[in-house]
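Asker: Here is what each chain is made of, one letter per residue.
Number of protein chains: 2
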Amino acid sequence: MTKTTVQKKSNTSSAPKILLQDRELRNGHKGAIVWLTGLSAAGKSTIAQALEQKLFDNNTQTYILDGDKIRKGLCSDLGFSPEDRAENIRRIGEVAKLFQETGAIIIVAFISPYRADRDHVRKIVSAGRFIEVFVDCPLKKCEARDPKGLYAKARKGEIPEFTGISAPYEQPLHPEIHVKTDTQNLEQCVEIILAYLKDQKILTGQW
Amino acid sequence: MTKTTVQKKSNTSSAPKILLQDRELRNGHKGAIVWLTGLSAAGKSTIAQALEQKLFDNNTQTYILDGDKIRKGLCSDLGFSPEDRAENIRRIGEVAKLFQETGAIIIVAFISPYRADRDHVRKIVSAGRFIEVFVDCPLKKCEARDPKGLYAKARKGEIPEFTGISAPYEQPLHPEIHVKTDTQNLEQCVEIILAYLKDQKILTGQW
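Chains A and B, in that order, are what the protein sequence lines are. Heads up, the first sequence is in this note's numbering, so the first residue is 1 and it goes up one at a time. Heads up, the second sequence is in this note's numbering, so the first residue is 1 and it goes up one at a time.
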């Protein structure tokens, strides 16, 4: 009977494991987390989508984690207090880490206003795999854009704890990448990120 | 200035979106969640690893979510009370859904003892993409295997709320797949799952 049944002990220990490097060899690129942080309306989602499209078109395993996907699902139980924001970013970091470990380039587009929360994610990921991108745009520009009317609502007090208005945004001190969406256009921002990924040998081969 | 900066409104709405079917076409298979449920030591992880290896060897984007990866990371704040188990499974379901939406075949290996928790995951995923696999093994066999000595500890009361001993296990009523690890060997169990995936056209092409 021992020979013919599923025996956890014997099989698990001897089971061939699929290593990250096996997955990366298969995919033709390394896994990484591209973490876009910045104010609301700074351009994070726009850059994320353009970057994802470019990566996908070049045969890369890639995916975006953003508010639409996370706030309605995994973190639907969380609000916007500092504690809940910390937990929100902690969970996103853990999920991003899982994706990175499959060898994907996972793009995270979240305001993620607290430095400590972002640094926590950096710490749980292998060196070089967490790429912090500061999507920098002056508050007044973001507020002028205000595509969803959120700043207007925040100014009226209709949205509490709104980053930049009634809640802090802590800029990255040493981000791997710094793009300025008030002076650089979308193509430039994406190209800067792609150049970094190539320079770090996350992306290899034909580009 | 409008033309040269990253404008959320204009770019987001017109940005080309990558659809699940684009990803699946690229990967050469469909995305799905293979959800292994059963008692501790029933053989879930063993089957998960063997299945993952087989899928990977056949050029499939695949990954395992199990206790080692989740309980130490995403769900490190949760215990084993019914409420915490429910939240644990809810989060795993949300993460599995994200992976499925990238076009991967994500293998989940968790006791997941409560029917309602598993059914909740089924509900948040598109029809046909949640594949419940009942990894069935009688309690006395699992307890005899006891590779980690957990049942012995549970019997002594050293582990509270241990499924099968001091906490319930609710068998699936209508699982897509039912394997019996006390009478079927590992290869048979994996083959049954693969046959189902082929039958459902999750897996296509050469096998």
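Treat the hints with care, since some could be wrong.
[As the list claims (entries may be wrong)] Lysine-lysine pairs mimicking DSS-like chemistry, simulated, CA-CA at most 27 Å apart:
| no. | chain 1 | residue 1 | chain 2 | residue 2 |
| --- | --- | --- | --- | --- |
| 1 | A | Lys17 | B | Lys156 |
| 2 | A | Lys17 | A | Lys69 |
| 3 | A | Lys72 | A | Lys17 |
| 4 | A | Lys72 | B | Lys17 |
| 5 | A | Lys148 | B | Lys17 |
| 6 | A | Lys17 | B | Lys17 |
| 7 | B | Lys180 | A | Lys72 |
| 8 | A | Lys123 | A | Lys148 |
| 9 | A | Lys17 | B | Lys123 |
| 10 | B | Lys148 | A | Lys180 |
| 11 | A | Lys123 | A | Lys17 |
| 12 | B | Lys69 | B | Lys148 |
| 13 | B | Lys156 | B | Lys72 |
| 14 | B | Lys198 | B | Lys180 |
| 15 | B | Lys17 | A | Lys123 |
| 16 | B | Lys54 | A | Lys17 |
| 17 | A | Lys69 | B | Lys72 |
[To be verified] One side of the interface only, derived from the structure: several residues of chain A facing chain B at Cβ under 8 Å:
| no. | residue |
| --- | --- |
| 18 | Gln21 |
| 19 | Glu24 |
| 20 | Asn58 |
| 21 | Gln61 |
| 22 | Leu98 |
| 23 | Arg155 |
| 24 | Glu158 |
| 25 | Phe162 |
Calculated from the structure, these hints are not laboratory results. All values derive from a computational prediction rather than experimental measurement. Glycine included, C-beta positions come from ideal geometry on N, C-alpha and C.
Asker: Each of the hints needs a verdict: does it hold here or not?
Answerer: Outcome of the hint check:
Between the alpha carbons of A:Lys17 and B:Lys156 the distance comes to roughly 34 Å, so the proposed pair goes past 27 Å and is violated. As the CA atoms of A:Lys17 and A:Lys69 are separated by approximately 30 Å, the hinted pair breaks the 27 Å bound. The straight-line distance between the Cα atoms of A:Lys72 and A:Lys17 is roughly 34 Å, outside the 27 Å bound, and the hint therefore fails. Under the criterion of a C-alpha separation no larger than 27 Å, the hint pairing A:Lys72 with B:Lys17 is consistent with the structure, at around 19 Å.
Annotation: proposed proximity of A:Lys148 to B:Lys17 holds, straight-line Cα distance about 20 Å (limit 27 Å). About 34 Å separates the Cα atoms of A:Lys17 and B:Lys17, which puts this hinted pair outside 27 Å; it is violated. Of the supplied pair hints, the one linking B:Lys180 and A:Lys72 is violated, its CA atoms being roughly 37 Å apart against a limit of 27 Å. Note on A:Lys123 and A:Lys148: the hinted pairing is violated, with a Cα-Cα distance of about 33 Å set against a maximum of 27 Å.
Restraint check for A:Lys17 and B:Lys123: not satisfied, since their Cα atoms lie roughly 32 Å apart, outside the 27 Å limit. Using a Cα cut-off of 27 Å, the hinted pair B:Lys148 and A:Lys180 is violated, with the two alpha carbons roughly 53 Å apart. A C-alpha spacing of about 25 Å is found between A:Lys123 and A:Lys17, which places the hinted pair at or below 27 Å, so the restraint holds. For the hint linking B:Lys69 to B:Lys148, the alpha-carbon distance of about 17 Å falls within 27 Å, and the restraint holds.
In summary, the hint linking B:Lys156 to B:Lys72 is supported, as the alpha carbons are separated by about 25 Å, within the 27 Å threshold. Distance hint between B:Lys198 and B:Lys180 is fulfilled; the C-alpha atoms sit about 20 Å from each other, no more than 27 Å. For a cut-off of 27 Å, the pair hint linking B:Lys17 to A:Lys123 is broken: about 32 Å separates their Cα positions. For the proposed pair B:Lys54 and A:Lys17, the alpha carbon gap of about 11 Å is at most 27 Å, so the pair holds.
Between A:Lys69 and B:Lys72, the direct Cα distance comes to roughly 23 Å. Compliance with the 27 Å bound is thereby established for this hinted pair. A distance limit of 8 Å between C-beta atoms decides the matter here; for A:Gln21 the minimum to chain B is near 13 Å, and the interface restraint is violated. With a cut of 8 Å, the hint placing A:Glu24 at the interface with chain B is violated, because the nearest CB-to-CB distance is about 13 Å. Annotation: A:Asn58 was flagged as interfacial toward chain B, and the flag is violated, the nearest CB pair being 11 Å apart, outside 8 Å.
The interface hint given for A:Gln61 is met, as the beta carbon of that residue sits about 7 Å from the closest beta carbon of chain B, less than 8 Å. For A:Leu98, the suggested interface contact is upheld, since its CB lies about 7 Å from the closest CB of chain B, less than 8 Å. Violation of the interface hint for A:Arg155 is found here, the shortest Cβ-Cβ separation to chain B being roughly 18 Å, above the 8 Å cut-off. For A:Glu158, the interface hint is violated, since its Cβ never comes within 8 Å of a Cβ in chain B; the closest pair sits about 20 Å apart.
Because the smallest distance between the Cβ of A:Phe162 and any Cβ of chain B comes to about 16 Å, over 8 Å, the interface hint for this residue is violated.
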